[in-house]
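Novice: The task is simple: from the sequences and hints, build the whole structure.
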Amino acid sequence: MTTYYSEEHEWLEVDGDTATLGITKHAAEALGEVVFVELKEAGDTFDKDDEIGVVESVKAASELYAPLAGEIAEANTSLEDNPGSVNEDPEGNAWFYKIKIADVSELESLMDEAAYKAFIA
Amino acid sequence: MTEPQKTPLYDLHVALGGKMVDFAGWLMPVNYALGVAGEHKQCREKAALFDVSHMGQVGLHGEDVAAKLETLCPSAFTTLPSGKSRYTFFTNPEGGIMDDLIVSAADDYMFAVVNASMREQDVAHLKTLDVEVIEIDRSLIAIQGPSAEAVVSAIVPEAAELKFMETGLFDLLGDECRISRLGYTGEDGYEISLPNERAVEITQKFLEHPDLEMAGLGARDSLRLEAGLCLYGNDIDNSTSPVEANLTWAMQKRRREEGGFPGAERIQRELADGPSRRLVGIKPEGRAPARRGVEVADKNGNVIGAISSGGFGPTYGGPVSMGYIAEMFAEPGTEVDLLIRGKAMPATIIKLPFVQQNYKR
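Keeping their order, the protein sequence lines are chains A and B.
Numbering follows numbering that gives the first Met the number 0, with no gaps: position 24 of the first sequence is 23.
Numbering follows numbering that gives the first Met the number 0, with no gaps: position 326 of the second sequence is 325.
Be a bit skeptical, because a hint or two may be false.
Here are the simulated BS3-like cross-link-like pairs (lysine-lysine), alpha carbons at most 27 angstroms apart as the crow flies [as the list claims (entries may be wrong)]:
hint : chain 1 : residue 1 : chain 2 : residue 2
1    : A       : K39       : B       : K342
2    : B       : K204      : B       : K359
3    : B       : K67       : A       : K116
4    : A       : K24       : A       : K39
5    : B       : K40       : B       : K204
6    : B       : K67       : B       : K252
7    : B       : K252      : B       : K45
8    : B       : K359      : B       : K40
9    : B       : K282      : A       : K39
10   : B       : K45       : A       : K24
11   : B       : K162      : B       : K40
12   : A       : K97       : B       : K342
13   : B       : K298      : B       : K359
14   : A       : K47       : B       : K342
15   : B       : K18       : A       : K24
16   : B       : K298      : A       : K39
Examples of chain A residues toward chain B, derived with CB under 8 angstroms [to be verified]:
hint : residue
17   : G31
18   : E32
19   : V34
20   : F35
21   : D48
22   : D49
23   : V53
24   : V57
25   : K58
26   : A60
For the record, the hints were derived by calculation from the structure and aren't laboratory data.
Remember, predicted model here, so these are calculated numbers, not experimental data.
Note that the Cβ used here is the ideal one computed from N, Cα and C, for glycine as well.
Specialist: Listed below in structure tokens is the structure:
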């Protein structure tokens with residue numbers, strides 16, 4: 000499995016043409032305490048840059064944009080009941096979606112961990 | 000754009016981990032390591048210290064200052080005893096609100112604190128009066144919360160004797176400082192005017208108290224929102240009247256009856272006939288916060304108003320909002336919809352505040 004990162008501060012843990020998607024620790028810290036998460040549903044399809052969710056913190060509302068095209072296989076609905084988990088474990092239990100990637104070649108436009116670290120430095 | 004200004008506490012904020020943002024031309028901390036929600040709860044449960052040095056402090060000197068100020072504001076000042084403070088606002092000729100402020104009476108002068116973003120406008124406005132307007136270049140800190148009295152009286156024991164909306168000059172570690180028992184959080188607390196050159200030292204001295212932590216603008220906003228207190232530019236502005244904003248209490252009876260302030264015609268008409276819209280508390284039923292600009296609709300989908308301030312209330316434990324609603328829907332308990340991201344989310348009109356105010360009367 001390989002982890003990719005987007006400029007919108009999402010991480011994608013990829014296994015073949017499926018991936019787990021969430022927001023990075025850096026993004027969670029910048030947002031501040033998350034108080035509300037709105038998710039799409041399993042079966043919803045999306046194109047790259049489509050809005051696929053909303054994360055609201057005590058400071059502001061932020062949209063989640065799809066880093067590539069695909070279909071939602073599973074949404075982590077536990078986030079809706081416990082939005083604070085996004086701050087506690089953003090790169091682990093507080094994943095947002097399991098997705099099916101439409102075109103794995105789109106992964107090439109994303110960053111690896113080293114590139115993302117440089118991006119946020 | 001001119002460079003944002005720094006308050007005398009700027010370096011201390013940075014050293015304490017404050018996340019600095021440009022607010023009304025000032026670099027101010029939005030939060031520290033504790034975070035907005037943590038600082039908010041700190042203030043509700045113990046005590047929090049806010050730097051509010053960006054606000055304007057103004058002295059008004061001369062004969063009949065109180066009577067002259069009454070020509071700009073609809074509150075009563077000629078009857079305000081020395082040592083008392085009063086919330087008021089400048090009204091415009093259309094009966095809207097130009098800014099809100101706190102005015103305090105001293106023996107032979109008055110003292111006003113105005114919003115940071117309105118400093119220049121307000122000072123110019125006051126200078127239209129035949130009084131001496133002195134801008135006071137001092138720092139201002141607010142210590143707010145149920146432990147505020149313990150924190151402040153540990154250094155200034157006499158400050159414990161002040162009651163809500165009382166003010167006085169006290170010896171603070173060797174300097175005479177104005178201390179007022181008021182604030183913008185819904186909690187008991189003080190605002191303390193400090194000499195700039197001693198602001199850091201005195202702030203650090205207060206921070207030695209175990210119940211006190213720094214808090215930033217983020218918590219200041221969520222605290223005032225839960226307490227149902229208006230933010231100028233959001234909940235009140237040049238178009239909103241004090242009657243619409245439920246600020247009738249700040250216009251004492253003599254002033255309401257006699258008029259003699261800008262916009263009295265509209266304000267007296269609305270007092271008699273009721274306003275066409277009213278500022279109310281709006282509680283979203285779900286978890287989604289409804290922020291400024293979100294439209295409010297009746298259950299048939301007709302837009303009846305809009306959110307003026309909204310966010311998440313850490314003490315309330317859910318989203319909290321305020322907004323202007325057509326008068327016929329303003330009754331507490333009325334069910335409405337909030338149009339958030341194209342969806343109608345149910346909400347209920349409530350009587351403000353969301354969290355009970357806790358003043359020392």
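Novice: With reference to the structure, classify each hint as holding or not holding.
Specialist: Now for the hints, and whether the structure bears them out:
no. : hint              : in the structure
1   : K39(A) / K342(B)  : holds, 14 angstroms
2   : K204(B) / K359(B) : holds, 24 angstroms
3   : K67(B) / K116(A)  : violated, 61 angstroms
4   : K24(A) / K39(A)   : holds, 22 angstroms
5   : K40(B) / K204(B)  : holds, 22 angstroms
6   : K67(B) / K252(B)  : holds, 18 angstroms
7   : K252(B) / K45(B)  : violated, 37 angstroms
8   : K359(B) / K40(B)  : holds, 19 angstroms
9   : K282(B) / K39(A)  : holds, 24 angstroms
10  : K45(B) / K24(A)   : violated, 30 angstroms
11  : K162(B) / K40(B)  : holds, 23 angstroms
12  : K97(A) / K342(B)  : holds, 25 angstroms
13  : K298(B) / K359(B) : violated, 41 angstroms
14  : K47(A) / K342(B)  : holds, 23 angstroms
15  : K18(B) / K24(A)   : holds, 17 angstroms
16  : K298(B) / K39(A)  : holds, 25 angstroms
17  : G31               : holds, 6 angstroms
18  : E32               : holds, 5 angstroms
19  : V34               : holds, 4 angstroms
20  : F35               : holds, 5 angstroms
21  : D48               : violated, 17 angstroms
22  : D49               : violated, 14 angstroms
23  : V53               : holds, 7 angstroms
24  : V57               : holds, 4 angstroms
25  : K58               : holds, 6 angstroms
26  : A60               : holds, 7 angstroms
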